[in-house]
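Undergrad: Here's the letter readout for the chains.
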Amino acid sequence: MTMRRHKYLIAVLLALALVATACAEGDAETTTTAATGTTAAPGTTAAPGTTEPSDVTADDFEAGDLGGIFIGPGEAVKIATLQAISGANASLGTDQVRAVKLALEDKGTINGHEIRLAFEEDDLCRSEGGTIGSQRIVSDPDVVGVIGTSCSGAGVPASKIVTEANRVMISGSNTSPVLTEAGGVAGPAWNEGYYRTAHNDAVQGAAAAKFVFEELGLTKVATINDGDPYTQGLTTAFEVNFEALGGEIVLSTAVGADDSDMRPVLTEVAAAGAELIFFPIFQPAGDFVAGQAKEVSGLEDVELMGADGLLSDTYVVLAQTKGMYFSGPAVPPTAAYQDMIAAYEDRFGEAPIQAFHAHAYDAAMILFAAIEKVAQVNGDAMFIDLRDVRDALYATDYQGLTGHVVCNEFGDCADPIIQIFQNTDDTPDIAAVRANRLAEYVPADLGQ
Amino acid sequence: MTTATVGKKRASRLNFTNLFRWVVGSVAVVVIFYGSIKSVASGRLSWAQWRDLMVFGVAQGSVYALIAMGYTMVYGVLRFINFAHGEVFMSGAMIGYFVADALNRAGIWNEQPVVSLLIVLLVSMTTATSIAVILERVAYRPLRGAPRLIPLITSIGASFTLQYLFRGLFGAGTKAYPPMAAIQGKWIIFGIPILKSQVIVIGSAIVVMAGLYLFVEKTKTGRSMRAVAEDPETAALMGINVDGTIVKVFAVGGAMAGVAGALWTLVFPTVNFFSGFLPGIKAFTAAVLGGIGNIFGAMLGGVSLGMFESVGPSLVLGGYEVPAFNQLKDVVAFSALVLVLIFRPTGILGERLAQERG
Amino acid sequence: MERAATAAEPLDDLLPAPVLSLQRAVRFGLIGGMAAVVVAAIGMVETFEARTLIDPFLALGLTTLYLASFTFGFVAGSPPPEREGFAKPKAGLRSLAAGAIAGVLAGVVLSAFMLLADAVNLRNIFVSVSPQLLELLTFGKGLGTGILLVLVVSTAVGVAGSAVHLIPAQVRRPIMYTVMWVLLVGLLQSVIEPVFRGLGLPSLIDVLYEEAGGLRLAGVVIVAAAVFLLSFFLGGKGRALQGRLDALPAQRRRSYISILLLVAAAIVYMIPRVVGPFLSEVLDLAGLYLLMALGLNIVIGYAGLLDLGYVAFFAVGAYTTAILTSPNSPRFTPEMTLWASLPFVVLAAALAGLLVGTPVLRMRGDYLAIVTLGFGEIARILLNSDALKETFGGAQGIINIPNMVIGPLTVRGPEVFFYPIFIFAILAGYVSLAIQNSRMGRAWMAMREDELVAETMGVNIVAAKLSAFVVGASLASIGGALFAVKVGSVFPSSFNIVVSITILVLIIVGGMGSVPGVTVGALALVALPELLREFNEYKFLMYGILLIFMMLKRPEGFIPSKRRALELHQDEVLQDAWLQIYGDEETGPQEEGV
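Residue numbers (the working numbering), protein chains in the order written: chain A, 141 to 588; chain B, 23 to 380; chain C, 123 to 716.
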């Protein structure tokens, strides 16, 4: 008897909830198209500029199909960061948040409106972090754009959420091809509102492969990834390019990011007869691979090569990493970059800790430039059409710290110069390693 | 209702389990043999390389065995698994780092390697012992007599607390021990070149475990530990201070973890707040594998686990040409644990003194 | 001694009440000081100080710091337990003295730490001991004045803590509630503001809060008055209402309950619209965890099987959904809809449940824990492996999982997703409750208490264990399916052991075996850290401490199931016996030492 009553109630509840879902869905559709809060409805045609400046409202501007953001007199232009600022990859994100803050101070104002970093969200370097952080950011209807994410895994959902909310996001360190393009085809996770100033993995993989094959003249290589999407993607790109050049991948293997005993895997590498090990992984696993490689018989003469994940101050000082090669994004030694480094050290008390601060700085700068370009000014008020922001970003042509930033139709904006460095006994710190440059590649060299 | 009928009923019900055991067992044996034969026959690795893999496995396994000692002793006496023991191990290695770093800065580290290592060992042992004893006092002692799950869950809590306390205090970064020139390179032992650090690890582990065995079997304290493990109530009636004995058990387990912490950093010279978690779980696995509560079981379990991890992927998975099989070494280790437990639910050597109390 | 004796009631057959030990206060003061030092040294004070509670006096950082003095002052001042044959001990001036001693000692320890941090650069070892921290601890007044202030504040707070015992019982509760609520309302500004905005009351925000953060003084007064009055007048009325409802004739009671349910449904319907997208997102996340916690609750809470690899089932659900629905799945691309894939998802999880359940049939508690933990790790490593990349996508995961579609509607965005999650959580809760009183549920509970006896009484242990794993796995897999569809992509890194542990913490803190308890647990432990970023950093530390605290003091959880509390009652007697001995050691004149 009681059971039946419960079932009845459950059925009623279910029905109600279904109806609720349906209604809410309808509402959500309308709110999305209208953009949110203070934004103007699409297609509303109002006569602009006829009222007194102080009485200007959102209704005085015409918005495109994505809606727009109205910034009243004295109000700030809001942007956000979504970076890995906790956990194992905290240095990657912290570095970029700081760079965005510097860019923000350097830019000052846009048409007299202060720029405010309204959110500093954490992408946790995982997809849930990307989801929840981007959701929080877009829940504020006044945020124009997001600088993030740090990790590609977090970027996949975030790119979708930000695009669907009609805003834009620009990443300074996502390198996975799925987010933009691979070989001229849109990646499966490509979204219209996504841009990046970081290089595509495909480019770095090709550059490293070319260096090993042509400059070092080695033909037998083993690759090791650590199960992280970035390292796995980069080793795959390396393998494809190396084999295309005529080299042989004698072993493509992987370890766990938390593993410490690398000797078994290195024994396999020795058995496979590799002349070089390409392991673009992180610390501390990278410490163990380099350290234990010297101890495994058969690997006494093997060359070691890492990538930007290991280009850090705590890694290159280790004795076992002397002689190692590294690939990484180039930072042109321009005066502007040196100024930025000086400002960074002055402001945060330490030198930049990772490779992507300049990329994040440029990402923020191209966002500001796009906003400035499209802003419709009326007296003290300003209106930013979100469709125009996207178009302006695709049309970006900007001389930044990382080089000449031009966006293609998939949002890849980097000027991807990849450099190869070597850590020797004469390079005591990361700056010296970066100065000891052996080669430099631009996509044209790589046939891309 | 007699015990005989219960037994009969149980037997008939467990037929399903028996069937399962045999099916899984036969499949596993076939898979392992076929893979191994193919792998060895392929000649991918030379004999010297297989031998090296085994040496690596024994070295890794002896550290597991040392940590497993703490799990096993606590289990033997209190019948609960101290999940936080991995963090006790990490605490030793962590504080040891700061001492090693200071010694290195003072220039003593490479001048006096033996003295330096002994100092680090002592510091690591002291730290780990104190943490283990404090843990017992604060978290476990009030729980005597509580249902089995309760202290286990408490220890999971203690594990997280210690990890994140260390993270908060000392930062999240990985700390690298200074390199010591004296332990680089290899020694030739019985014609086999073995890394110096691994010789030290295996040698110290044997000495320490032999010492522990003598301590438990021959000393008065050891006898009272065994008495408490057997039956705490009776032990108390016989005039043994049960609480004091349990504290000593934790102290000895902690000291073993401290030794393991110092030895671990010889082979893998880095430490961070999370360093204890994985070795802790592995050692816990080793203890269960060998038969928890059993000192020999912990040794056997540790060395077996080290071997499974080191040789297993190359031997079995390599035979099937599984791509990137070294990534799957934990899968091999845990599968071995499941297989062993299916056939011997109390581990290879069986639980000691634990049958009568469930 | 005398004072306590005269304060006791002069009944001639009772011995004088045991006197409050001041030695104990010394010990608690020192422990409290250590706690405060640790809180400061792990960087909690500095991080938390960013959140203003009451503008401009009180921020969370120093509040947390002096909470140590307060708590240990409270504990030191608590009167000794009542004993048979002794007069009832009363709190008196001696309590205040104990509180003062504890407070002053905590202050001394903290000051010593400050002196040390000032003299030596501790930052090379203790990364969080920064000059800014020292500045904060000294109230920005320099070391000398700062230490004086620390001692005064700590003592005052310690006395305040012990003074709680002196407040008459009938006012104590309203006062404590008032203080708690004021702090809570200050803390939860980021939650309350959007709610007020959603309710169309934005003007109230300006009355309560300062724009930069923190309650205004007016806000404090309003909140305090409201809470005090409510708790003073309504305290205990809830139970009376329940009684009145029970007294109604069945027919009318049913209609009342129906109306109540309708009202509840209307409120639920309004929730996501009122709270906005971000809070909805957080509620969604809490809902997903709740769904999984209800499943694990069946495995641990009902059947007593400690499963530390529960995340494996969550992963099975998410990956099955991804493979069946996503066009980017590497090997099979059936591109089903979510609803068509759901039966397969549950089937896959049930198989996974059997796969995990069968080998562990003969294993006992601790072995079960390590083996299930192993299974969880195996699942994650396999999903992440290059070996199975062709099926599961390896580290690159599976992306482009299509949105949920109900009839003509596409469920998109956190506000709308709230409803399906809510419905599934309700269903899971209903299944849990229904199963609890079924034959199967009783078999599980019998098995949990004693396997051998249960078997003797005719419970089929094999069936009971396997069914617990299968039911638990199915619920987790639905959680996984919803997660996959909601995030739109699955990556192996989302399925690590931390998820298993978080779910375990939820059900233990909430109350093992109790559906409402688990719900509250999910809200408090998943939603709160998401809302308060400073908490997120210390989330696992708090989880760990909470686990230990709960096990020591309240193993049945905050909202225990009735049956569980009854079962634990026996254990509690045992445990109290231990605590009693423990307490004796501490208060007794003969100090044994550790």
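Since the hints were derived computationally from the structure, they do not count as laboratory data.
Glycine residues also receive a C-beta, built at the ideal position from the N, C-alpha and C atoms.
There may be inaccurate statements among the hints.
[Unchecked claim] Per the computed footprint, the stretches of chain C lying under chain A, defined by three or more beta-carbons under 8 Å from a beta-carbon of chain A, are:
hint, stretch
1, 321-328
2, 514-520
3, 611-619
[What the hints assert, rightly or not] The list that follows gives simulated cross-link-like pairs (lysine-lysine, DSS-like), each with its CA atoms no further than 30 Å apart:
hint, chain 1, residue 1, chain 2, residue 2
4, A, Lys360, C, Lys675
5, B, Lys60, C, Lys675
6, A, Lys241, A, Lys218
7, A, Lys462, A, Lys434
8, A, Lys434, B, Lys208
9, A, Lys462, B, Lys208
10, A, Lys434, A, Lys360
11, B, Lys60, A, Lys360
12, B, Lys270, C, Lys511
13, A, Lys360, B, Lys208
Undergrad: Against chain A, does the stretch 611-619 of chain C show at least 3 residues with beta-carbon separation below 8 Å?
TA: holds (count 6)
Undergrad: Taking 30 Å as the top limit, are the C-alpha atoms of A/Lys241 and A/Lys218 close enough?
TA: Answer holds: A/Lys241 to A/Lys218 is near 13 Å, not above 30 Å.
Undergrad: Mind checking the alpha carbons of B/Lys60 and C/Lys675 for me, to see if they're no more than 30 Å apart?
TA: violated, 57 Å
Undergrad: Taking beta carbons only, do three or more residues of the stretch 514-520 of chain C come closer than 8 Å to chain A?
TA: Holds: 4 residues of the stretch 514-520 of chain C have a Cβ under 8 Å from chain A.
Undergrad: Mind checking the alpha carbons of A/Lys360 and B/Lys208 for me, to see if they're no more than 30 Å apart?
TA: Cα-Cα ~28 Å, so holds.
Undergrad: Cut-off 8 Å, C-beta pairs, minimum 3 residues; does the coverage of the stretch 321-328 of chain C by chain A stand?
TA: violated (count 0)
Undergrad: Keeping to a limit of 30 Å between CA atoms, is the pair of A/Lys462 and B/Lys208 held or broken?
TA: Satisfied, since the Cα-Cα distance of roughly 21 Å is no more than 30 Å.
Undergrad: Are the Cα positions of A/Lys360 and C/Lys675 separated by 30 Å at most?
TA: The given pair, whose Cα atoms are some 62 Å apart, is violated under the 30 Å limit.
Undergrad: B/Lys270 and C/Lys511: Cα distance at most 30 Å?
TA: Roughly 50 Å separates the two Cα atoms, so the pair is violated.
Undergrad: Could you grab the alpha-carbon distance between A/Lys462 and A/Lys434 and see if it respects the 30 Å cut-off?
TA: holds, 12 Å
Undergrad: Can you confirm whether the C-alpha distance between A/Lys434 and A/Lys360 stays at or below 30 Å?
TA: holds, 18 Å
Undergrad: Assess, step by step, whether the Cα of A/Lys434 is no farther than 30 Å from the Cα of B/Lys208, and give holds or violated.
TA: Between A/Lys434 and B/Lys208 the Cα gap is close to 11 Å, so the pair holds against 30 Å.
Hints 1, 4, 5, 12, counting from the list given before, are not met by this structure.
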